Amino acid sequence: MIYNIPYIAVIILIVVGLYAVVFKRNIIKMVMGITIIESGVNLFLVTLGYRAGGVAPIFTNLPEERQIPGQLVLPIPQALTLTSIVIGVAVLALMLALTIQIYRQYKTLDVTKIRRLKE
Amino acid sequence: MNSIITHSPALLIAIPLFAAFITPLLSRIHRRARDGFVLIVLAATELLALLLAQDIYANGIRKYVFGATLPSLTHPGTMSIPVRIIFEIDGLSIFMVLISLTIAFVATVYSSSFFKKEDGLDRYYTLLLLVTVGMVGMELTGDLFNFFVFLEITSIASCALIAFWVDRGESLEAAFKYIVISSIGALFVLMAIGFLYGQYDALNIAALANSIQFTFIDKVALVLLLAALTMKAGIAPMHMWLPDAYGEAPPSVTIAVVAATQASLYGVLRVCFTLYGKGLRLNMAAVGWTLVGLGLLTIFIGVTMALVQRSLTRTIAFAAVGEIGYMVIGAGTALAAGAQNFATVALKGGVFHIFNDVLDIGLLFLVAGAIIYATKERDLNNLGGLAKRMKYTTVFFLIGLLAVAGMPPLNGFASKILIYESTYQLNPIISIIAILSSILLLAIFVKIFYSLFLGPELPHLRDVKEVPKGMLVAMAILATLIIIFGLFPGYVLQTIVDPAVAALSNPTNYINAILGGA
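Sequence lines, in order, name chains A and B. Just so we're on the same page, our numbering is the position in the first sequence counted from 1, plus 382. Just so we're on the same page, our numbering is the position in the second sequence counted from 1, plus 390.
Derived from the structure by calculation, the hints contain no laboratory data. Keep in mind the model is a prediction, meaning the values are calculated, not measured. A portion of the hints provided could be inaccurate.
Dumping the calculated EDC-like pairs for lysine to aspartate or glutamate here, alpha-carbon to alpha-carbon at most 20 Å [to be verified]: (1) Lys766/B x Glu560/B; (2) Lys406/A x Asp492/A; (3) Lys411/A x Asp492/A; (4) Lys495/A x Glu847/B; (5) Lys766/B x Asp492/A; (6) Lys489/A x Asp557/B; (7) Lys668/B x Glu560/B; (8) Lys489/A x Glu560/B; (9) Lys495/A x Asp591/B; (10) Lys837/B x Glu847/B.
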């Protein structure tokens with residue numbers, strides 16, 4: 383059970399994020415929703431990469447009693463998460479920049495009022 | 391020569407990526423120097439792609455390894471996985487790369503004269519080259535996570551390009567919709583990658599395809615991947631971002647985004663036919679039927695919505711939605727048909743239609759851009775009688791509309807007839823709907839043609855002039871390709887489409903190229 387808690391957190395984060403994106407009317411809240419989904423996915427990747435009793439694959443930091451091939455963890459999920467975080471920052475910056483420009487044009491952040499594109 | 395071909399998969403990414411960040415520096419020297427540089431870079435990349443294509447058609451799948459060159463060079467931990475990223479290029483990848491690079495080239499030719507009076511172009515070219523890098527990367531890579539990274543590069547760069555006219559609220563709105571859809575889509579893809587990695591300890595598409603078991607989690611991952619990629623490819627019911635983005639972006643950007651959309655469609659094909667390729671003959675029929683249903687819905691929505699639009703670019707954008715549906719029913723029929731003979735025909739039609747759609751819709755968007763450039767008008771009701779003032783543009787629009795509606799002897803006919811023929815064998819109703827929608831599309835565009843170019847001259851359009859040469863050249867390139875593809879469909883099918891279809895229908899070749907056997 384204790385090992386499943388992160389996965390439950392992942393699901394909660396993603397559902398909360400999707401809820402914010404779909405139902406919130408404020409653009410900033412939608413942006414926050416996307417960021418929350420992203421945190422959920424990142425948490426999922428990190429949780430997948432967790433190995434009980436594993437050691438971080440830093441050669442010089444290896445504990446004395448362990449031999450090298452021992453329990454080094456292949457850090458691919460962590461690498462994926464880092465990449466995903468970097469991409470997430472870029473997307474977040476772009477979305478906020480767009481939000482600023484939208485506010486300048488429309489003088490509102492309410493998506494129901496930002497509707498020049500119809501049909 | 392040989393070493394150029396060997397390294398060309400890396401160079402296809404590296405050259406435009408490097409050029410993207412040189413361009414702002416060059417524009418400090420002179421505007422012309424920058425435009426010429428971007429053109430030369432894209433032409434060189436295209437040439438490289440053609441060389442690589444020739445090699446692949448002669449010698450089969452090519453791979454390029456970043457990192458551990460030999461599978462035995464493994465990490466000293468318990469796992470025996472070599473740390474590396476592989477680019478794997480087969481007939482389908484190179485087919486898509488040729489499409490993307492051709493479109494990027496045409497877009498650059500067009501924008502060199504379209505944006506003559508605007509500033510901020512140094513960054514514009516940087517972003518255009520980055521979109522190119524993203525698309526080409528998505529199509530070349532053999533690694534699922536790498537695919538995600540390039541997907542994000544494409545969406546970030548194309549979102550910034552859609553918002554190029556920042557002083558128009560509509561562009562910003564469209565760009566915001568696009569970034570919301572594509573970032574959520576990309577996160578779904580990442581989640582699916584997590585599911586697959588958690589089960590099989592691999593990210594390489596070939597390795598995953600080899601060990602896939604069709605467990606429940608695999609199916610969840612498949613649904614996530616398909617949902618995200620069809621959303622990004624603009625397939626109904628998640629098509630609503632597409633007409634906004636296509637309609638509000640500058641036309642040269644639109645055709646780049648059209649090509650990026652096709653790159654997502656490439657993702658759909660790769661996932662269905664290669665990643666889950668083991669089930670090709672067995673349990674993918676349900677997925678096939680779903681795709682057929684979505685495709686029909688897409689065609690229907692696209693065409694009916696195109697009927698009621700008043701803006702020129704939005705009409706074409708909805709027609710573009712409809713056209714995507716044709717490719718999807720092609721691919722879906724191939725999956726649903728399984729081992730029956732017409733599966734290959736359907737796939738051939740669908741894959742060929744990818745190229746044709748980019749050319750036809752691209753040409754129409756460029757013509758729409760030319761009209762906006764010359765008249766500053768977007769509303770169909772305020773336009774008319776342009777044929778006398780803009781002769782060449784009129785001819786190009788005529789070619790584009792006939793091609794989109796699938797009229798012989800143009801290229802749209804060549805691929806649509808394959809789709810009609812094969813879907814008829816799966817279920818006659820599919821092909822009836824497809825044909826009817828095509829006719830409706832013709833009616834829509836004939837109406838638009840009439841209201842744009844024929845009829846009396848409008849007083850406020852008296853002093854409209856033909857557009858500058860660069861734009862005409864760009865349209866001419868697309869029109870020439872349309873005519874060539876239409877006149878010699880057999881040759882085109884044989885040289886570039888058949889290898890792509892063969893790559894899709896034999897996933898074992900893709901797997902064996904990485905995992906030995908060869």
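**Asked** Has the given pair, Lys495/A with Glu847/B, been kept, meaning a C-alpha gap of at most 20 Å?
**Response** violated (38 Å)
**Message:** Lys766/B and Asp492/A were given as a pair; does the straight-line alpha-carbon distance stay at or below 20 Å?
**Reply:** violated (30 Å)
**Request:** Take a quick look at whether Lys406/A and Asp492/A sit within 20 Å of each other, Cα to Cα.
**Result:** At roughly 9 Å apart (the allowed maximum being 20 Å), Asp492/A and Lys406/A satisfy the hint.
**Message:** Checking one constraint from the list: CA of Lys489/A to CA of Glu560/B, max 20 Å. Satisfied?
**Reply:** holds (14 Å)
**Item:** Straight-line alpha-carbon gap Lys766/B to Glu560/B, limit 20 Å
**Value:** Status holds; Cα separation ~16 Å.
**Prompt:** Under the criterion that the straight-line Cα-Cα distance not exceed 20 Å, is the pair Lys411/A, Asp492/A satisfied?
**Reply:** holds (10 Å)
**Prompt:** Does the alpha-carbon distance linking Lys489/A and Asp557/B stay inside the 20 Å limit?
**Reply:** holds (13 Å)
**Prompt:** Is Lys495/A within 20 Å of Asp591/B, Cα to Cα?
**Reply:** violated (47 Å)
**Agreement of Lys837/B and Glu847/B with the hint, judged by alpha carbon distance not exceeding 20 Å** = It holds: about 17 Å lies between the C-alpha atoms, which stays within 20 Å.
**Asked** Has the given pair, Lys668/B with Glu560/B, been kept, meaning a C-alpha gap of at most 20 Å?
**Response** Violated - the C-alpha atoms of Glu560/B and Lys668/B are around 45 Å apart, more than 20 Å.
The structure does not agree with the numbered hints 4, 5, 7 and 9 stated previously, though it agrees with the rest.
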